[in-house]
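Number of protein chains: 2
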Amino acid sequence: MTYRAFINFLCLGNRAVTILNRSSGRLLHIQMGIRNIASQAESGFNPAKVAVVTKMTRYEFEQQRYRFSELSEEDLKQLLALKGSSYLGLLERHNIHTRNVEHIVESLQKEGMEVRVVKRGQYDEETVRWADAIISAGGDGTMLLVASKVFNKDQPVLGVNTDPERSEGHLCLPVRYTHAFPEALQKLRRGQFRWQWRQRIRLHLEGTGINPTPVNLHEQQLSLEQHNQAHRITLMEAQSSTAPRPPMCKACSLSRPYLLPVRGLNEIFIGESLSSRASYYEISVDDGPWEKQKSSGLSICTGTGSKAWSYNINKLVEQAVGEVLRIGKAQMGLDIPLSQELIEKVTDEYNKSLVFGPEEGRMIFSIREPIVNRVFSSSRQRGFANRVCVRSRCWDACMVVDGGTSFEFNDGAIATITMNEEDQLRTVLLEN
Amino acid sequence: MTYRAFINFLCLGNRAVTILNRSSGRLLHIQMGIRNIASQAESGFNPAKVAVVTKMTRYEFEQQRYRFSELSEEDLKQLLALKGSSYLGLLERHNIHTRNVEHIVESLQKEGMEVRVVKRGQYDEETVRWADAIISAGGDGTMLLVASKVFNKDQPVLGVNTDPERSEGHLCLPVRYTHAFPEALQKLRRGQFRWQWRQRIRLHLEGTGINPTPVNLHEQQLSLEQHNQAHRITLMEAQSSTAPRPPMCKACSLSRPYLLPVRGLNEIFIGESLSSRASYYEISVDDGPWEKQKSSGLSICTGTGSKAWSYNINKLVEQAVGEVLRIGKAQMGLDIPLSQELIEKVTDEYNKSLVFGPEEGRMIFSIREPIVNRVFSSSRQRGFANRVCVRSRCWDACMVVDGGTSFEFNDGAIATITMNEEDQLRTVLLEN
Chain A
1 MTYRAFINFL CLGNRAVTIL NRSSGRLLHI QMGIRNIASQ AESGFNPAKV
51 AVVTKMTRYE FEQQRYRFSE LSEEDLKQLL ALKGSSYLGL LERHNIHTRN
101 VEHIVESLQK EGMEVRVVKR GQYDEETVRW ADAIISAGGD GTMLLVASKV
151 FNKDQPVLGV NTDPERSEGH LCLPVRYTHA FPEALQKLRR GQFRWQWRQR
201 IRLHLEGTGI NPTPVNLHEQ QLSLEQHNQA HRITLMEAQS STAPRPPMCK
251 ACSLSRPYLL PVRGLNEIFI GESLSSRASY YEISVDDGPW EKQKSSGLSI
301 CTGTGSKAWS YNINKLVEQA VGEVLRIGKA QMGLDIPLSQ ELIEKVTDEY
351 NKSLVFGPEE GRMIFSIREP IVNRVFSSSR QRGFANRVCV RSRCWDACMV
401 VDGGTSFEFN DGAIATITMN EEDQLRTVLL EN
Chain B
1001 MTYRAFINFL CLGNRAVTIL NRSSGRLLHI QMGIRNIASQ AESGFNPAKV
1051 AVVTKMTRYE FEQQRYRFSE LSEEDLKQLL ALKGSSYLGL LERHNIHTRN
1101 VEHIVESLQK EGMEVRVVKR GQYDEETVRW ADAIISAGGD GTMLLVASKV
1151 FNKDQPVLGV NTDPERSEGH LCLPVRYTHA FPEALQKLRR GQFRWQWRQR
1201 IRLHLEGTGI NPTPVNLHEQ QLSLEQHNQA HRITLMEAQS STAPRPPMCK
1251 ACSLSRPYLL PVRGLNEIFI GESLSSRASY YEISVDDGPW EKQKSSGLSI
1301 CTGTGSKAWS YNINKLVEQA VGEVLRIGKA QMGLDIPLSQ ELIEKVTDEY
1351 NKSLVFGPEE GRMIFSIREP IVNRVFSSSR QRGFANRVCV RSRCWDACMV
1401 VDGGTSFEFN DGAIATITMN EEDQLRTVLL EN
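Same order as they appear, the protein sequences are chains A and B. FYI, our numbering numbers position 98 of the first sequence as 98, with every residue one higher than the one before it. So the number in our numbering is just where the residue sits in the second sequence, counting from 1, plus 1000.
Read the hints as simulated data drawn from the structure, not as lab findings. By construction, the Cβ of each residue, glycine as well, lies at the ideal position given by its N, Cα and C atoms. Treat the hints with caution; some may be incorrect.
[Said to hold, decoys possible] Cβ-to-Cβ under 10 Å is the rule here; a few derived chain B residues that face chain A:
(1) Ser1275
(2) Glu1323
(3) Arg1382
[Said to hold, decoys possible] Cβ pair distances, simulated, as ranges:
(4) A:Glu344 to B:Ile1336: 16 to 24 Å
(5) A:His170 to B:Lys1292: 17 to 25 Å
(6) B:Ser1043 to A:Pro289: 51 to 59 Å
(7) A:Val355 to B:Lys1292: 21 to 29 Å
(8) B:Trp1130 to A:Gln340: 56 to 64 Å
(9) A:Ser43 to B:Glu1341: 54 to 62 Å
Please model the entire structure based on the sequences and the hints provided.
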């Protein structure tokens, strides 16, 4: 075992399975012996330079949105009222966020760390190079954006939820640390936490007429049109000799597999860009046979993402579970009462089975709303996979990473979706 | 009961529920008395002028697609091969379609009917005005396009599936009549069929900065960019004094409810245009309280549409049903074997419950992949409704009718979705 692997392993008491998958049986005993040590990070969290990337609040967004109409605050207030939104409500959330960011920055500076505050719109590779560690100050969306530009598995990325009362933050520290950030910082410095390496997805693209240049969807302002212009522009860039891309010309040249410049922390979504249009594609799971599919797209998620979109695609609500159990009971001729409690339990257990660990080196694919008929196959709709290959039969489709980075994926393009040790994202696990 | 209603009722033996909903109990007895008559259309199908609207085949589509690259047939052949498609396969399907269209046209002419063949791209209001009846020659997609322009509930619309071996055609005549079209025509002329009035959905739009001008997505070539340009162009048109639209200026004027110039035969989809983006909106069902929702959009379907997209959104696969039953069994501490046969039966019965009759005057709404957290409500994900109101909180969203006609639906816009007797589509039910 390499030194890196050994340190990883010392730091990750809860990675037994992963460790075992990678190493010999002997390791197991060592690990059992040092469980306590394992709950301590070998070296604390002591970065000299920290970049704090802040989200755009809805208030800032609404201002941005009408920046060309030169609205006064009063105009904006009236406009939002017309649309049934509360100006004061948005302003309050904005101020809460701003105060929380200030709190984070001051806490870091008190610890003698050099801090750079960067708005999500300005976050770039230069910031990543400069920082020893990066803190996302917002919600999960901001955390995903921050992570998307980090490729060094030793560079820690933390998320702090700056609107803990109102927004979820699965990828962030426990919400209480938003206000008690100095306490979090102390624990981090003392090593009273666990490093968590979250597995990510990598994408290879090959085929005819492909364009491996990413388009950023993170900016909320991005409209369909801007999205498409961006695709057109990047295509031009891509075709210029300077841009990194595989050898290709128009729609009539083949290209070698090309590793795309992003990693998926949550999921990859593949499908027609227009939400109302069905997607045609062929899929091969773990080098199995190619199967034709027509569906509302395809989702491939990590353990981290198994709690996100993929979960919402696959989860069942009590309404459905109750009906299935009622029908099953009748079919079996059983006369047992079906309590709400039972329905809740079953729903809960079923939905839990859709979630798996962020460190696990496997993915879940979900064929979304499959159209089953004489032409299209009705095989497994969902399952674990280590390698998924997809051949596009789409007209105007995209491959979207974590809802934020989009790649063209049209008829003739082939994507290979896998996981790789190198791509792990280094985050922290802090007890609540 | 009006004469029209009485004729409807005579013609529609299988409309008992609908009839009952609309009329007095006394009618029931009459109806029971004349079930046999009811299976006969009072007057046969004898149009003098028939428009035949033909689909665009994949072969034509591929030719169109590269029309500017001046490809020879040989080039096209090689290009398709590069993309893993079979030129000969596409050409064969195209020839089959073409022969079937010729067969339909000749059969109609033999009966002395005047026939106009119109490609789907050329199909317009003038064609609808000219024709006594319209035949869609293609699949369900073509049928939906044809129906979308028909507003007279007495103008019959028939669908003939021109690729019966390869495509589904829920909205078309039984597939055997594609080759035996003269036989179908004889039955239609003799009145050996039932008229079927399919209920459709109507949309009212109101709020700030709305644009009630439709954008046609039917043309397969339409890319995201074209889609958006279309929206921009129609907005300009709409703002010109000639175009029919409610009083509005920029984003700062309110408008009165405006009846949109389409009817939904299958469903309305509401959500962000970009398939990878979550949609924020508020919904009120049957004048109930407004509820905040964040989801992958919202679908509202008719009985006809309950077999289409809405079915794929809500149906369960055996994989899921099996797991639910297994968990339920364990939770109940039952030791009964769970046969594949049982799982299939339960799946089948559950999925059947998602389908209802095309003539029923109610809709099913489905909140798609709801995000449930502290902010967004976790109430019913799906249910029947007579009236659904939706307030958009989206940034770049659309309201798409039958996957073919799109309307802008951004923050501030409010849609009211209902059904109305006047909007029924007149089709035929022919025994297989």
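Hints violated by the structure (listed by number, smallest first): Failing hints: none at all.
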